[in-house]
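> As a plain string of letters, each chain reads:
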Amino acid sequence: MTADLLTHVLRQGDRALVLSHRLAQWITHAPTLEEDVALANISLDLLGQARHLFTYAGEIEGKGHDEDHFAYWRDAAEFRNPLLVEQPNGDFAVTIARQVFHDQAALLYWESMTESTDATLAALAARARNETAFHLQHSAGWLIRLGDGTDESQRRAQAGVDAMWPFTLELLGADDEGALRADGLIGGSIETAWRAAVAGTLLEAGLRTPTEAHQRAGGIHGTHSEHLEPLLEEMQQLARAHPGASW
Amino acid sequence: MTTLLDIVRSVDDPELPHVTIGDLGMVRSVAIDGRIARIRITPTYTGCPATEQIRADVEAAVTEAGYEPDVAFEMAPPWSTDDISPEGRAKLHAAGIAPALPAGDGPVSLDLPVECPQCGSRRTRLTSAFGATACKALHRCDSCRQPFESFKAI
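Read top to bottom, the protein sequences are chains A and B.
Going by our numbering, the first sequence runs without a break in its numbering and finishes at 473.
Going by our numbering, the second sequence runs without a break in its numbering and finishes at 284.
No lab work stands behind these hints, which were simulated from the structure alone.
Treat the hints loosely; a few may be bogus.
These stretches of chain A come out as covered by chain B in the derived footprint (C-beta under 8 Å, 3 or more residues) [what the hints assert, rightly or not]:
1. 262-268
2. 275-281
3. 388-400
SDA-like, lysine to any residue: derived pairs with alpha carbons at most 25 Å apart [unchecked claim]:
4. B:K221 to B:S159
5. A:K289 to B:K221
6. A:K289 to B:M205
Between beta-carbon pairs, the in silico distance windows are [to be verified]:
7. A:D301 to B:L242: 46 to 54 Å
8. B:S159 to A:E417: 35 to 43 Å
9. B:S273 to A:D377: 46 to 54 Å
10. B:T132 to A:Y298: 37 to 45 Å
Ideal placement from N, C-alpha and C gives every residue a C-beta, glycine not left out.
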């Protein structure tokens with residue numbers, strides 16, 4: 227059970243950390259100054275969630291590892307994030323589609339985790355849920371404006387949705403967490419609620435919901451796309467070049 | 131007489147001028163056990179970078195008061211903008227930051243018009259839900275044409 231819980235917490239922490247880093251890559255490149263600030267803020271919230279999750283992972287593991295160990299001293303095959311969050315930023319529409327799919331799943335996840343029998347995760351969930359609600363308002367608002375905007379913005383928004391769709395099923399829950407569910411540590415499936423909510427957003431945006439074909443998965447078991455390693459190399463470079471440095 | 135609680139509450143927030151962590155409702159408890167002072171603080175946002183600075187400032191203030199600090203952050207129950215004291219709201223308003231609307235049980239829609247802290251008009255619009263710090267949003271007043279920040283109700 228401890229090993230299952232550790233894997234679960236690392237999956238969530240890695241999801242938050244990797245997406246945080248992706249969003250941070252937009253800083254100074256976003257379409258407007260306000261958007262630069264917004265993406266940086268969302269990135270910072272995700273980083274905060276990851277830090278709490280990694281600290282807790284260290285407690286569960288019991289080997290004296292701190293948050294930095296999990297962020298900086300594991301290699302790609304040890305990361306347990308879903309493939310969606312490591313996908314490259316693409317154009318702004320790809321980033322927004324990725325974010326809507328993620329934020330909707332994260333909101334439903336944290337809502338369910340407020341009922342967790344694990345007091346640490348339930349406490350974090352109560353806070354993360356409120357932060358995530360702002361993230362979803364922002365990303366869904368953008369997707370609707372892009373989809374309902376010009377021909378060009380609609381074409382790109384649809385392309386972003388289509389490109390990110392194959393990575394969504396993996397977001398909606400793992401197939402090996404039944405024991406955690408039975409103990410009330412994690413909640414039930416979010417799949418039905420996620421599909422309904424995302425379909426509603428896409429409908430409002432005037433975009434097509436893609437079909438189910440060609441779903442890709444593996445990240446939560448440690449099998450990643452070619453995109454994770456370069457991301458980690460950038461993120462971990464400083465810590466590995468100067469082990470133990472502080473500032 | 132100034133109590134240790136007063137001293138802890140009077141530690142400034144590093145990112146908000148003239149507002150203390152007591153004003154923001156971040157101090158959950160102060161308990162003295164011999165020479166040790168156990169301070170429990172709740173962070174505002176999970177990723178707030180001011181958290182570490184606040185810990186260091188509280189530890190310094192407690193040490194100066196002659197106690198050994200034991201400072202820890204408590205996550206539950208989550209901090210809410212409803213925890214900001216009336217004094218805190220007044221200070222924010224005076225600094226040109228619109229205080230948050232009541233949050234109640236969850237996040238509040240950002241569509242509700244926020245009162246301009248400069249001219250008091252409610253003819254304002256949200257320009258971005260995210261501002262210079264995690265806790266603030268950006269607005270513009272259509273009456274006095276000034277941009278301003280607000281605390282997001284959470």
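> Hint by hint, note whether the structure agrees.
Status of the hints after comparison with the structure:
1. 262-268: holds (count 5)
2. 275-281: holds (count 3)
3. 388-400: violated (count 0)
4. B:K221 to B:S159: 23 Å, holds
5. A:K289 to B:K221: Violated. K289 (chain A) to K221 (chain B) sits at ~46 Å, over the 25 Å cutoff.
6. A:K289 to B:M205: Answer holds: K289 (chain A) to M205 (chain B) is near 23 Å, not above 25 Å.
7. A:D301 to B:L242: 46 to 54 Å: With a Cβ separation near 47 Å, D301 (chain A) and L242 (chain B) satisfy 46 to 54 Å, so the hint holds.
8. B:S159 to A:E417: 35 to 43 Å: 41 Å, holds
9. B:S273 to A:D377: 46 to 54 Å: 37 Å, violated
10. B:T132 to A:Y298: 37 to 45 Å: 43 Å, holds
Going down the numbered hints, you'll see the structure goes against 3, 5, 9, while the others check out.
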